[in-house]
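A.B. asks: Protein sequence lines, in the order shown, are assigned to chains A and B. First residue of the first sequence? That's 1 in UniProt numbering, and the numbers climb one at a time after it. First residue of the second sequence? That's 1 in UniProt numbering, and the numbers climb one at a time after it.
You may find that some hints are simply not true.
You can't tell identical chains apart in this list, so a pair holds if it fits in one copy or across any two.
In silico DMTMM-like pairs for lysine to aspartate or glutamate, Cα to Cα no more than 25 angstroms straight-line [what the hints assert, rightly or not]:
{"hint": "1", "residue 1": "Lys110", "residue 2": "Glu125"}
{"hint": "2", "residue 1": "Lys70", "residue 2": "Glu157"}
{"hint": "3", "residue 1": "Lys55", "residue 2": "Glu73"}
{"hint": "4", "residue 1": "Lys199", "residue 2": "Glu157"}
{"hint": "5", "residue 1": "Lys149", "residue 2": "Asp96"}
{"hint": "6", "residue 1": "Lys48", "residue 2": "Asp120"}
{"hint": "7", "residue 1": "Lys35", "residue 2": "Asp152"}
{"hint": "8", "residue 1": "Lys26", "residue 2": "Glu169"}
{"hint": "9", "residue 1": "Lys154", "residue 2": "Glu61"}
{"hint": "10", "residue 1": "Lys26", "residue 2": "Asp96"}
{"hint": "11", "residue 1": "Lys153", "residue 2": "Glu61"}
{"hint": "12", "residue 1": "Lys149", "residue 2": "Glu61"}
{"hint": "13", "residue 1": "Lys154", "residue 2": "Asp96"}
{"hint": "14", "residue 1": "Lys203", "residue 2": "Glu74"}
{"hint": "15", "residue 1": "Lys70", "residue 2": "Glu179"}
{"hint": "16", "residue 1": "Lys153", "residue 2": "Glu104"}
{"hint": "17", "residue 1": "Lys115", "residue 2": "Glu194"}
{"hint": "18", "residue 1": "Lys100", "residue 2": "Glu179"}
{"hint": "19", "residue 1": "Lys33", "residue 2": "Glu194"}
{"hint": "20", "residue 1": "Lys79", "residue 2": "Glu104"}
{"hint": "21", "residue 1": "Lys71", "residue 2": "Asp152"}
{"hint": "22", "residue 1": "Lys121", "residue 2": "Glu46"}
{"hint": "23", "residue 1": "Lys33", "residue 2": "Glu163"}
{"hint": "24", "residue 1": "Lys210", "residue 2": "Glu74"}
{"hint": "25", "residue 1": "Lys111", "residue 2": "Glu46"}
{"hint": "26", "residue 1": "Lys153", "residue 2": "Asp38"}
{"hint": "27", "residue 1": "Lys140", "residue 2": "Glu179"}
Since the hints were made in silico from the structure, they are not lab data.
Number of protein chains: 2
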Amino acid sequence: MTNIDLNKIEFFKGIDNEKIIADLTKIDYKILKFKKDDIVAFRGDEIKGMYINLKGTLVTEMLKDSGETKKIEELSNGKIMASAFIFGSFNNFPVDIIAKSDVEILYIEKKELLKLLTQDKILLERFLNEISGKAQFLSKNLWESISNKRIDKKLAEYFLNNEKNQIVELNISIKELSEYFNVSRPSLSRVLKELVDNKKIEKIKKGMYKILERNYLENL
Amino acid sequence: MTNIDLNKIEFFKGIDNEKIIADLTKIDYKILKFKKDDIVAFRGDEIKGMYINLKGTLVTEMLKDSGETKKIEELSNGKIMASAFIFGSFNNFPVDIIAKSDVEILYIEKKELLKLLTQDKILLERFLNEISGKAQFLSKNLWESISNKRIDKKLAEYFLNNEKNQIVELNISIKELSEYFNVSRPSLSRVLKELVDNKKIEKIKKGMYKILERNYLENL
Numbered sequence: 001m002t003n004i005d006l007n008k009i010e011f012f013k014g015i016d017n018e019k020i021i022a023d024l025t026k027i028d029y030k031i032l033k034f035k036k037d038d039i040v041a042f043r044g045d046e047i048k049g050m051y052i053n054l055k056g057t058l059v060t061e062m063l064k065d066s067g068e069t070k071k072i073e074e075l076s077n078g079k080i081m082a083s084a085f086i087f088g089s090f091n092n093f094p095v096d097i098i099a100k101s102d103v104e105i106l107y108i109e110k111k112e113l114l115k116l117l118t119q120d121k122i123l124l125e126r127f128l129n130e131i132s133g134k135a136q137f138l139s140k141n142l143w144e145s146i147s148n149k150r151i152d153k154k155l156a157e158y159f160l161n162n163e164k165n166q167i168v169e170l171n172i173s174i175k176e177l178s179e180y181f182n183v184s185r186p187s188l189s190r191v192l193k194e195l196v197d198n199k200k201i202e203k204i205k206k207g208m209y210k211i212l213e214r215n216y217l218e219n220l
Numbered sequence: 001m002t003n004i005d006l007n008k009i010e011f012f013k014g015i016d017n018e019k020i021i022a023d024l025t026k027i028d029y030k031i032l033k034f035k036k037d038d039i040v041a042f043r044g045d046e047i048k049g050m051y052i053n054l055k056g057t058l059v060t061e062m063l064k065d066s067g068e069t070k071k072i073e074e075l076s077n078g079k080i081m082a083s084a085f086i087f088g089s090f091n092n093f094p095v096d097i098i099a100k101s102d103v104e105i106l107y108i109e110k111k112e113l114l115k116l117l118t119q120d121k122i123l124l125e126r127f128l129n130e131i132s133g134k135a136q137f138l139s140k141n142l143w144e145s146i147s148n149k150r151i152d153k154k155l156a157e158y159f160l161n162n163e164k165n166q167i168v169e170l171n172i173s174i175k176e177l178s179e180y181f182n183v184s185r186p187s188l189s190r191v192l193k194e195l196v197d198n199k200k201i202e203k204i205k206k207g208m209y210k211i212l213e214r215n216y217l218e219n220l
């Protein structure tokens with residue numbers, strides 16, 4: 001066993017250390033060790049069980065088309081690697097996972113994990129919360145990615161209805177405009193910024209914009 | 001109890017009917033009944049447990065800005081309602097759920113569900129597969145929604161590099177082009193169709209396109 005206090009690890013937090021040890025001795029598990037800069041898993045590698053980071057820092061990365069890598073998130077001590085990909089039909093790491101320091105990982109194979117989860121209702125609920133949380137996070141992001149397009153459309157219509165010689169003066173604040181559109185203020189700001197960044201409109205001064213690509217706005 | 005054979009229901013399939021009954025008698029559950037066209041849940045309603053459709057057809061719908069409703073999916077007999085929203089921190093229906101026929105639903109409150117899942121490893125694995133599958137489906141969709149934009153960009157560059165008087169003749173098939181871009185053929189076809197639908201390019205004939213909005217393609 002590792003010499004790490006398991007009840008200091010997020011997944012086991014609040015559970016008596018002896019109870020954790022007792023639970024774990026009833027199942028098969030491994031402690032995996034990695035050195036700084038080791039690749040713990042490649043995108044596409046099969047996931048055969050649960051990997052909990054016990055010590056050190058992992059980062060998840062994606063290889064971009066350009067060959068550069070893009071850091072996605074940090075998995076600090078206590079986090080489960082790719083938790084929503086252990087069960088279900090797609091059991092492969094969706095990203096590369098790299099050790100950013102010396103790392104210790106508790107590995108529990110799927111069948112043993114099922115045993116552990118039926119043994120301990122707190123751990124079961126924690127694991128269900130974890131993967132449900134992932135699904136909810138993804139659902140929210142997908143929803144925003146889709147509905148942003150609609151904000152786009154609302155804003156475009158507003159600009160086209162209020163322009164005079166390609167110039168639009170906003171007589172209301174972004175906050176009021178977001179209430180008028182029934183969308184969140186940060187979402188509206190983001191979409192407005194995207195239109196400026198993509199040179200569809202130009203910000204002349206606070207509250208005043210110029211339409212650069214009328215066609216684009218009309219066809220949203 | 002309902003007079004429905006539970007082992008014919010997807011979630012309980014393959015498990016001995018007496019074992020299911022024995023498992024269920026140890027926990028609290030309810031059978032909820034709805035008539036055709038009843039609203040079973042509104043978007044935003046709190047989810048306090050698991051709802052399995054035992055009989056009839058449910059549909060999930062979203063209210064669009066226009067006031068129309070858009071059908072999202074059908075939950076046939078055996079399906080769990082909003083399965084990824086029972087645990088985690090966001091416990092609200094993400095969509096409206098409507099009965100499209102007379103419906104019977106097995107409702108098991110969260111705490112009782114945890115009991116059931118620790119009692120039966122098959123049901124536990126099934127439930128974990130179900131919510132992990134949801135997360136994986138959402139992840140795939142989000143990924144496509146993000147990476148589609150990049151396909152967009154690749155295609156736009158290809159069009160701009162190969163145009164002659166705004167006309168682009170594709171001398172290779174979509175399949176070959178998708179291999180060249182290192183993307184899937186259906187994704188590429190979808191993005192191509194979007195550009196045509198949004199009047200950024202026009203399809204003149206098979207393999208021949210006209211650029212309508214050069215600015216748009218340049219700024220992707």
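A.B. asks: To test your reading of the hints: which numbers does this structure violate?
C.D. replies: Structure breaks hints 7, 8, 10, 14, 16, 17, 18, 19, 23, 24, 26.
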